[in-house]
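Chemist: Note that the protein sequences, when read in sequence, are chains A and B.
So this note's numbering is basically just the index in the first sequence, starting at one, shifted up by 38.
So this note's numbering is basically just the index in the second sequence, starting at one, shifted up by 38.
Hints should not be assumed to be uniformly reliable.
The list treats identical chains as one, so a pair stands whether inside a single copy or across any two.
Stated by the list, open to error - As a list, the in silico DSBU-like pairs of lysine-lysine whose alpha-carbon atoms are at most 30 Å apart:
no. : residue 1 : residue 2
1   : Lys553    : Lys67
2   : Lys680    : Lys61
3   : Lys67     : Lys527
4   : Lys412    : Lys61
5   : Lys142    : Lys476
6   : Lys430    : Lys527
7   : Lys142    : Lys666
8   : Lys142    : Lys418
9   : Lys67     : Lys142
10  : Lys527    : Lys666
11  : Lys553    : Lys61
12  : Lys618    : Lys61
Please keep in mind that the hints were generated in silico from the structure rather than gathered at the bench.
Computed from a predicted structure; not experimentally measured.
Protein chains: 2
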Amino acid sequence: MALVGASGDESKNTARPQRYLQKHGYAGKIIPVNAARQEVLGLPAFRNIPEPVDHAFIMVDDVESAIEDCGRAGVPVASVFTDGFADVGSQGMERQQKLTARAKALGVRLLGPNSMGMINLPGRCALTVNAVLEMDAPPAGTTSIVSQSGTMLGTVLSRGAARGLGFAKMVSVGNESDLGVGEIVELLASDPETKTILLFLETVRDAERLARGARAAHAAGKPVVAYKLGRSSLGERLAPAHTGALAGEDAALDAYFRDCGIARVDLLETLIEIGPMLAGRKPPPAGRSPRVSVVTTTGGGAASVVDRLGLAGIETVAPGSDAPIVDLTMGRKSAGYGAVVQELLDFPGNDAVLAVVGSSAQFHPQLAVEPILKSRRGAKPLAVFMTPHAEKSLALLAQAGIAAFRTPEACADAFRAYFGWRAPRLAPGGEALPFVLKTREPTEADALALFASMGVPVVESAVVRAPDFAHGLPYPVALKILDAEVAHKSDVGGVALGIRSREELLDRAKFLSEKSESLIVQRMETGLGEAIVGYREDPVAGPLVLVGAGGILAELYNDVVLRLAPVSEAEALEMIAAVKGFAVLRGYRGRPRGDLKALAQAVAAMSRLCLLKGRPVREAEANPVIVKAQGCVAVDGLAVLKEA
Amino acid sequence: MALVGASGDESKNTARPQRYLQKHGYAGKIIPVNAARQEVLGLPAFRNIPEPVDHAFIMVDDVESAIEDCGRAGVPVASVFTDGFADVGSQGMERQQKLTARAKALGVRLLGPNSMGMINLPGRCALTVNAVLEMDAPPAGTTSIVSQSGTMLGTVLSRGAARGLGFAKMVSVGNESDLGVGEIVELLASDPETKTILLFLETVRDAERLARGARAAHAAGKPVVAYKLGRSSLGERLAPAHTGALAGEDAALDAYFRDCGIARVDLLETLIEIGPMLAGRKPPPAGRSPRVSVVTTTGGGAASVVDRLGLAGIETVAPGSDAPIVDLTMGRKSAGYGAVVQELLDFPGNDAVLAVVGSSAQFHPQLAVEPILKSRRGAKPLAVFMTPHAEKSLALLAQAGIAAFRTPEACADAFRAYFGWRAPRLAPGGEALPFVLKTREPTEADALALFASMGVPVVESAVVRAPDFAHGLPYPVALKILDAEVAHKSDVGGVALGIRSREELLDRAKFLSEKSESLIVQRMETGLGEAIVGYREDPVAGPLVLVGAGGILAELYNDVVLRLAPVSEAEALEMIAAVKGFAVLRGYRGRPRGDLKALAQAVAAMSRLCLLKGRPVREAEANPVIVKAQGCVAVDGLAVLKEA
């Protein structure tokens, strides 16, 4: 290891990597590079990297010269702690691009810039400035983490260590100018020391690469779990500011993680604690309502978890009883804790087991914690929540590879994440489709023609002109202005519905002609309900398809479901099933049922916009799509193309 | 203290109170009562309570005899650990009622049954079986807690102690047969050792008493904070099962807490950690959007809190900048942490300050934690979130009375709870109103007449009879069946709308007469939107008024707002402002505005059903209420009375 800019002043950040490598017993050679000194903290110092090392850690301002030096010395990888690159805006971004290009030319892979380095705990290699390494003997484990925040490595390591949870590899990727989250996940997929992979993300910079890494991890039987910031718009504002990346829409990334086979946790501590719950497991079978059995020595403690399981739609079941939990302070006082845990683990009626332990966890582990340790565990996840401050019991469980949670909320979040976890999806491919549109600024008529060419049923319509506005459609009809710029025509009075005669048409056409020269006449369609079917490219997650309740419901209640495009008809049906407002089309209170299969076909058709040659469509929306007892039809369309 | 049933076997639960009183230095006299022994753990034992003690702790099965003994000895308060009362169902409830009546006759106040006892930390009086007292030297503080779960006293005490947070009085109320949460809150309101009162609740057994206690605490300048289980229906199922109480609807209790001036936290650890943030403070001024300023040494760490502040609708502001936070690793590297904290505390543009500390909190508290300790703090809440495991820093902050949070989620939850906290509301009273209804099973016509008598505008209508169905209303009209049992008439085809002539009426009337003999004709009303206005008595929280988006939106999206009844017109307007679906009546996308003031008057009028003499109405609903540009009108009504 070469430490470029290693300080001889122990109190400085730049002295840390050398101190930490030595403190934690790194067995390899450490080479401080510091032109101003002969010696750094007891080791001979060099003006330049004197020999081909495995890894250089760069802490000097003049990163560019240091990279040249790496190139000269044949260093394969350099981690750059120095900041002032993409993290400080466009000028820094330019500097970063130059640096990356030069490193590539020199054959040096880069981690960072703005990386806190990496920690290999089984290898005793603490190549980092993170002050968490001041701790003595951080425990090694089989969970690795890749983080876009350097500080978070310390958070995870110190909090894990306090409860006996160890880690394998910990990597701070900084600005990801070269080595990114995706490639490191791919490396960890084939790392024999790693069983589970955690991600702390502010955004996703290379969605395809991460998807590939996640699939490799899945194939290797290694669960990948993500905690991602930016769920609120305030959070979104922060995340990119910090690392110079684009922010993707959170809902889009949610769909993305799901498709990649990445489990997503909501709470920070769940990320730290969930490892043992997923290690060695495959995603649970989809399509059934998850059931958890619960044993407890404290009613209130169990309720604090179960209450949140209920909010996540997870049921609880007890063998041979319709009580929601097995409360050993109530009905089954004489049963031993261990016997009940084993009974629940063996019970075929559940999908996972939760063991809650009260005060005894702190001072009397023999009562409930030890019986848990002794249980015969199989394929079923087991999680333990202990109500008191009980670090020794947490460590005992960690040692045995049993997931234990400090808070009821993280425990419930872990169950939610586990049951929502899916195998990576193989997106239905398809040949590239020809793009029919001739214009760069599609009108509604163009958009509807495009949708029709994809297979979406669209309303019969005719573009009409003064003075006769001839159309050839049967009455009643609708008349609309046809400006590409006006997205919400009805908001500006640009729509006349239910026109019943030619006289009425001429009258309304005269009025609307004042707003726009182009008008379109459409057959009036009626049905049982309305939907919105949309498509757009997220800057991070890529092409997405959306279906939601029609009218203003999608917007007011955010009642929409997103998936990565393209989707199959079966997947579109799953999406439709998750839209609340479609209750009215599912026979709610005796209402007639709408043709949701036809709607699913339209959603799948719309999603294939991503297969168009050159992927020219940036955004498209059929709103509303009228859903009928038989079939559905898009009566309004909007398409926005990418800049030429 | 008399310990009735004190065991001489140290390993038994029933030996704990004596062991704990002795271990923690109780200075008063301890009297074991155990007929089978001369001596218990070094103290002389008695067959009966030999003298008038302050408090008896009863652990024997024969609670009834023990209470007689208390009566004989003149014991003013007895805590009953023994269970098998209301906690085991109706037979136990009967036993409990007898016990309570007898204790009252004897002049003995009861805590429990099924109580784990109480702990007075400043008084070194650990009168409890909770194993948490095995710990050495639990710290004393100024926060007290009342809990419906005995185990949770241990949870709070042990977790608090681990981070240096001490407590004053801790009370396990058990089944609340006599002394309940409300009365104990009232006692704590005048307890000089208590500054903040925490509640761990599974339900609320005596809403009026707790409201009184909370008002007394508010008057004494003591914040009351509640964590309550039963947010999901699964949780609701658990809570009452555990303690033999009725479960109230969670949303109703939310309205109740707000009206009582009780701040409600969502996460268990927030309850433990929020004390110092609220101690000595009044609820924040209502009616403005809350703003927090944030300083951090870690971008990712700050984002993990700020992201959730955003989800709670809390803005962040920085002095002299439009950046959302002050990140000392970014723009203002040279600024000292302490100087920035002080600048934010002094900045008039915010309502609270959040200080986030990264890795340094664990090993270098001098860098950021100590400057926080030295800051000059005023009326503004300051909260600290530290990303690493940093128990020493947590303890330093606790000692200084500064709120510090272990998880970003609890930290954000505390801000949310603080900003949502209101002073107790004085419900607008009013004279008892006469009840006009003569029937016990009101039809729709009766319900509308009742609403009209309260001041709710209702549709003109006439009950009609075969053969001529005469009504005297102008066409168009609606025709409906008038059965008290049929709540959703349109679901069973019992409604005909838009009838334009007498012929059409006779035709439809003939058809509907087959379903019911009673029919009602109503004037057809149209407007800009629909609302639901409801009233009901929650078994726990009491009378409630509800307003929500009309049609099926209220149900599908749960888009309703609840408040304790009665409400003023101004309060009803606040409720209406919180209903999302009313966007369409607030001028959404250029739509015409509806008369929401008229709707507010109708809500206030409906809420006054609680003022009717004898409070005869159990449930009432005007659905829909048609909201017009001018005025509003209820076109369908339902009222259910209490059993005679």
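Chemist: Tell me, in ascending order, the numbers of any earlier hints that this structure violates.
Modeler: Failing hints, ascending: 1, 2, 3, 4, 5, 6, 7, 8, 11, 12.
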